[in-house]
Structures are given as C-alpha cells and as structure tokens.
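Number of protein chains: 4
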Amino acid sequence: MMHAYGTTFPRLRAAAGPVWGAYTRHAFVEALRDGTLPRSAYLGYLVQDYIFLIHFARAWALAVTKAETVAEMRACATTLDALVNREIRLHVRTCAAAGLSEADLFATDEHPANLAYTRYVLEAGHAGDLLDLLAALAPCVMGYGEVGARLGPVPTDHRYAAWINTYAGAAYQQICRDAGALLDGAVARRVGLAPEATPGWSRLCERFRTATRLEVSFWDMGLSFGD
Amino acid sequence: MMHAYGTTFPRLRAAAGPVWGAYTRHAFVEALRDGTLPRSAYLGYLVQDYIFLIHFARAWALAVTKAETVAEMRACATTLDALVNREIRLHVRTCAAAGLSEADLFATDEHPANLAYTRYVLEAGHAGDLLDLLAALAPCVMGYGEVGARLGPVPTDHRYAAWINTYAGAAYQQICRDAGALLDGAVARRVGLAPEATPGWSRLCERFRTATRLEVSFWDMGLSFGD
Amino acid sequence: MMHAYGTTFPRLRAAAGPVWGAYTRHAFVEALRDGTLPRSAYLGYLVQDYIFLIHFARAWALAVTKAETVAEMRACATTLDALVNREIRLHVRTCAAAGLSEADLFATDEHPANLAYTRYVLEAGHAGDLLDLLAALAPCVMGYGEVGARLGPVPTDHRYAAWINTYAGAAYQQICRDAGALLDGAVARRVGLAPEATPGWSRLCERFRTATRLEVSFWDMGLSFGD
Amino acid sequence: MMHAYGTTFPRLRAAAGPVWGAYTRHAFVEALRDGTLPRSAYLGYLVQDYIFLIHFARAWALAVTKAETVAEMRACATTLDALVNREIRLHVRTCAAAGLSEADLFATDEHPANLAYTRYVLEAGHAGDLLDLLAALAPCVMGYGEVGARLGPVPTDHRYAAWINTYAGAAYQQICRDAGALLDGAVARRVGLAPEATPGWSRLCERFRTATRLEVSFWDMGLSFGD
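Residue numbers (the numbering used here), protein chains in the order written: chain A, 46 to 272; chain B, 46 to 272; chain C, 46 to 272; chain D, 46 to 272.
The set of hints was computed from the structure by calculation and includes no laboratory data. Bear in mind the structure is a predicted one, so any value in this text is a computation, not a measurement. Each hint can be trusted.
Residues on chain B that point at chain D, a partial pick, calculated with CB under 10 Å:
id, residue
1, 111
2, 112
3, 171
4, 177
5, 237
6, 238
No residue lacks a Cβ here, since even glycine has one placed at the ideal position from N, Cα and C.
Could you put the whole structure together from the sequences, leaning on the hints where they help?
Okay, here's the thing in structure tokens:
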C-alpha cells in the first residue's frame, strides 16, 4: 500500500518514476527489514544520519523564513522543534549505546553523499521559494513514512525494531500527514489547485526527483559501511 | 541601573553612544511609564509590533541556519518558538480585545519604519554570519529588557501594566540573559575573548548601532499614531 | 505618455494604483524638472542614492543566484556590471565635483528611508523566488525610466541636466526595456502567460506596490535635505 | 613548484594536509597530462564541469552580496563576468565540437559528486560570511591554477592542450593571483593579519579541506565516465 499524505506528494512521487522504488525498496531497507544489515552499516548510517538531521533541521528553519502566513511559520517551526529536540536525541541515544558521544557524532567527517543531499535541499530553498524547499524536503519525510509503514510495526526483539517502529509509529505518521497538508496548502496558496498545469510544475518535480536520487546515494553510502 | 545580560552586550551598548539612551528613554517609553501615551498610539504601535514580531521570528529562524553548534541551534530554535507560539499570541489577544482580529493585523500595511528595521536585521543575517545577525537582534531583545526592568513591575491597574509587566517579568528577563549568553558564546567561538581588539568589531558595533537607530524610528512611528 | 517596457510591468503598475503617480510625479521630481530643487536636497539625495545603488547592485547579484537559465543569469549579471562599473561611478563623479570623496560617500550613515527600501528589496529576494525579487526591483528601474522620458532630454544648461539626461538617454531606456523583457520571460517561465489569474499574482503586486511606497519615502527624504 | 597566490591560500593548503595532493595529482590529472585519459572520461567530465561552472558563477554572485566594500564587490563581479561570459563559453565550444549543444549540457542530470561540491560551496556562503565562501571557492580556483602551471604550457598538438593551456595561461594565472589578493584582503579586513591565531581559523580550514575533498570526488566521477 502506498500512502497518500495529501494530494501533492502522490503526484510528485508518480512524476519521479522508478527512482522512487529504487529509494524506498533499496537493498539497505530490505536488509533492515530482514535483519541482515551488518551492524557496522547501520551504525555508519546512523552517524551520518545524525549530521543529516542537523542540516535537515536547518532546512526547516530556512522554511520558516520563506513562509507567507503565520500558519505556515508555525508548521515549519514545529517540525524544526521536533527535529532538534526529539529526533536528533534519538540518534544520540542509540549512538551513545554503541559508545559514540554526541561530540564524536558532531566531529565526524560528512560523507560526500551526505553533503550532496543536505546542501542540495538547503540550496534549493535559497534559490527558490517555499515550494522549491518543500519539494526537496518531501522525499525524506514521506519516504521514511512509507518505508516505516511498510516494514512495521515489528516486535521489539527485531534487530532493528527501534528504527522501524520509530517510522512506523503513530507520531511519525502524523508528521508525514502534517507535512503533506503543509505542502498541499503551500501549493494551493502559490500556484493553485491544478499545479501540474503550471509552468513551474516541472521544476518542482525536478526538485523532488533529485532529492530522491540523493536518498538512493545515501542508502548506497550506508551499505558501503558494511563492507 | 543598567542590566548586563552578559559581557558582549554592555560593550556594544557603550560603543553605540547616546543613541542607546535616545531609544530606551524615548518619549514613547516615558509616556508608557506615566500612562499619558494616547490609546491610539499604543494600539497603532501594537499592530505594527505584531508584524515586527513575525519578521523577528523569521530572523531567529535564520539564526538557526547560521548556527555552528547544536547548542546554538537549540538556543535560537527556542527563541523562535517563544516568539511564534507565545509573544505573538499576546499581541493577538490585546488587539482582539480592541476589536482587531489576527487577520486584520496580518493584512496591515507595514510602516516604512517597520520595514526598515525588520528587513535590516534579516539582511544583516544574510550578508554576514551569526554574529552580524545577533548584533542586529540584540538592541530589541535587551533594550526591551532594560526598559521593562526600569519601568516595572507596576500594579495591574496601571494603564499599560500588561506591556510593562511582560517585559519586567522574570520570563522575559530570562530570555535576555539567555540571549546574552548565546551572544557571548558565539563571540568567544568565532572571534575570541577580546572582540574589541579584532578588525570585525567595528562592523558588529555598526550593526548594533544601526538597529538601535531603527528602534528610535520605531518609537517615533508609535508616537505619530497618537497625532 | 506611459512607457510599456514589456507586458508585465504595466500590469503591476496598474495594480499599484495611485501610489505610482505619487512616486513618479513627486514634488522632488517636479522640482528637478523646473530646477527649483535646492542644491542641498539634490546632493543629500545623491549621497544616499550612491549607497542605494550599492545595495541595488547586491540585489541584482542575488538575482543571479536565483536565475533558472543561463540567459537569466547573463541578463542579471549584465545589470550588476552596469551598476558597479558605470552608474555608481556617475554618482562618484558628481559628488567629487561637490567635494565629496567616494570614501565620504561610503561612510555616510544610511537614512532609514534608504535602509527600508534597499533591505526590503534584498529580503524579498531571499524570502521568495526570482519573481519576488524582480517585482521589487522593477519600480526603481522602470520608474526612473518613466520619469527620465517625461522630463528629458533637456538642454545641457538645465540645472539638473546630468540627472535628467542620464535617465532620458537611450542607454538607460534600453536598460528598462531589457529589464522588462527579463521580467516578462521570468513570469512566462514560472507562472505562464496569464499571471493575473494565478494565486501568486497578488503577492507580486504587493512586492511592487511596497517598493513603490518606499520610493515615495525616498523622495520625501531627498526633499527633507533641502530644509 | 607550488604557487603562492597570496599569503592565505598557502596556509589553508598546508592545513588541508595530504588531501591537497590527492586532488592536484589525481589520476585524472595525470592522465590528462600524458594524454591517456579516455575521450569519454574527458567529455563526461566537461559536461558536468559546464553545470559546475554555472553554480560556481552563482557562488561568485553570492559573494557580491556578502562583500563589505565596493572593491570587494567589483572583484567578485569581475570573476562572475569572466565565468558566465568567457569560461562557460569555452565549455560550450568544446562540447559543441563533440556534438553537444548548450541545451544538451544544461539538461544533463547533475552527478551526485557535482551536486555535493556546488551546493556545499553555495551553502557555505549562505551559512557564513564572505570568508567562509572564499575558503570554499579557493580550492577550485587555485587548484586548477596549480595544476595548469605544473602541466603546461604544452604544444597545441597535445591531446588535451586546450584544457591544459587554458589553466596554464597568463589570463587564468592572473585570475588566481587576483583571487588570492581578494582572499588576503578579506581576511585582513575581517580577522586581521594573523588569522591562524583566531578561533575561526579552524572553520575556514575545514571549509577549504571539505571543498578539496569534493574536488577529489569530482575527478573520481570524471574517471568513472571512462569505464
């Protein structure tokens, strides 16, 4: 089952073509699912994902500066708060259990795949308007929601239950629905109810598709840590 | 009594010269204090200040994108949250009592004095680094703290008790101390413990002084609504 | 006669309403025309306009970063070059003849009316996309073109011939037509050929109208130097 | 022989450590030198480098917005002009000779290594001040100068004479010296004559080192096109 998370996201997903499946059904994901993912791959991924989330939080902060209504500002600020005060802490806890302090995480060299993805999203926001930024943010937010919903929930003795059940959980699924509603509202406000018919639609599709390509590279990077 | 709010703020304030007093002891402030400020001046100011706070919140969100540590990010995100979820609501409530809806507030034409101040602060952030932005944010945050501490607390039957006691209150004074600590830490991290001896100090002083000049224009605007 | 400079500009101008006339037929302009403008007002304006042009050049540089095609990039880079390598030098020369060095100009305190206008335009660019920025840049570029075409050319012994004939001249009129073509192309590419029918049109009109309001304040500032 | 291009660049290069050699003596470079680089690798690289230069030009435009003096603005605007009006045209010509139109180039999917590098540089500029941006721009500008000076000039019948002699040539070497002077002046103005002693020095070194790492990935990408 594919999740909708509003009406704009499914249209961007359809326009992205096969790369969406390459991302959400990536070998890394399947190995998380069946528990065969090497611990080193998981931990290597998690350390990079910690750094990813810091820049992802910066991108949501940038979204606040590009909002046009107080409601849009509040929605973006809420997501920012969830990232810097909750999701990041989760990574810190898991990594701490593996002997890595938050200072260790913060000092890690960013992998080129991580630089590519995070800076692409941020720069999409600087170059364009809120829609450019949201289109580049959507693959991560909603893709993880889709993966989580497909893989979980799983029993707590599953090797990767912590990860799977986070993204399968009600709280994260609500974040996806909220992000979908924010995107739908931002589209309606800026380009109307038939965005596919507007000249700017192909640019939004390109933002979404490029971010999705960079998700694939991010999973590739994760697998490479298991070599 | 002058408040310290850390060690950098008093140095920037001293470097600003007489314009600091022109701001914190402006006729608008004195009229708030003795209750002679016309209601029309107060309401006109409050409506513009609502719009000001929206852009001020955007500036704190921009600060999140310019932070270099997770601690800096959290400090800025907390201030952003306080603005969009608390201080703005205060204005909405007071204005609602005077018959103005939040939609009315949001639709108000921004006064040139408001445009000058808010856009100057935001653009200082875009042009420079976090220090440029914090130096431009400081006069508002700490100046209101200083005014509040000098004028209040006052009995609740004072004509402008709501305003005075907000800024005289413990919660707002803590915000000022936190902002001072954030500024001190950002300075230490970027230019060291003797910032006055660095070539960039005059630029930070200029940011602070210009923002203070624009506070004076903002009070001038407030008084003009009472004519 | 009103100049067209493309098809989008006249529509934005019409939507701005009476403020457009308040700007292009401002008392400062009429006093330039009949030569009654005090020299002190002219020089005070010119010094502020030098600083204005620096920030205006920065805004055209920002436009390069927000372009979507190489043609858009080149158009914006050409305007940037014209500003920093030609128009600014004109101000420097005129001010030098009046005994003011470029260092004097650069060190002048920016007037709040100048801060309001320049930072509004730059921040419109940061907050939105290229259209937001171009809509905020258009009133200055095309308004001066319109004023120049109405007032000039004048004989070289007219007191303000240097100013009037610059903006009435073929080179500046071409800049206006090029800016109009850039705007039309950017609109077509992003929102299509019927921009008034799109939800974002009111935002572009608001950008244009606010920048026009700030032009009025800028002339007001100019007149105030003659007091 | 190592080129100096001023006094700051050699210090950043020394601080970067072995990654500098990994970049400037990369297998791609050595294969350019001895002419063994497969044509497919060269062309694949050139197409990506066309897109790289577009974003690199955008980064120099961003630098104009972050300049603090008119001289800094003019230096950055001149580099921008050289990129969009000369260096990019060179790529267009070479690619045209190989049957690729500029439209083909512009429509090419950006490789993740390209996205990583260009967006990292741009975002370094948005996050920090002009020094952050120049430190991230320097490895490309000066590294190509160093490679050119080491490999060339070569006789025009060398397989890669066009590339080598461009970067070995007097015009490009002057660009490197100008960029070095701009960097030195920007450092002196902002942090003084002993930048290594300032707290922000490690951040600048990190910007430079990360951009250098991304140059290595960019050459890796180039080689991969020859497979």
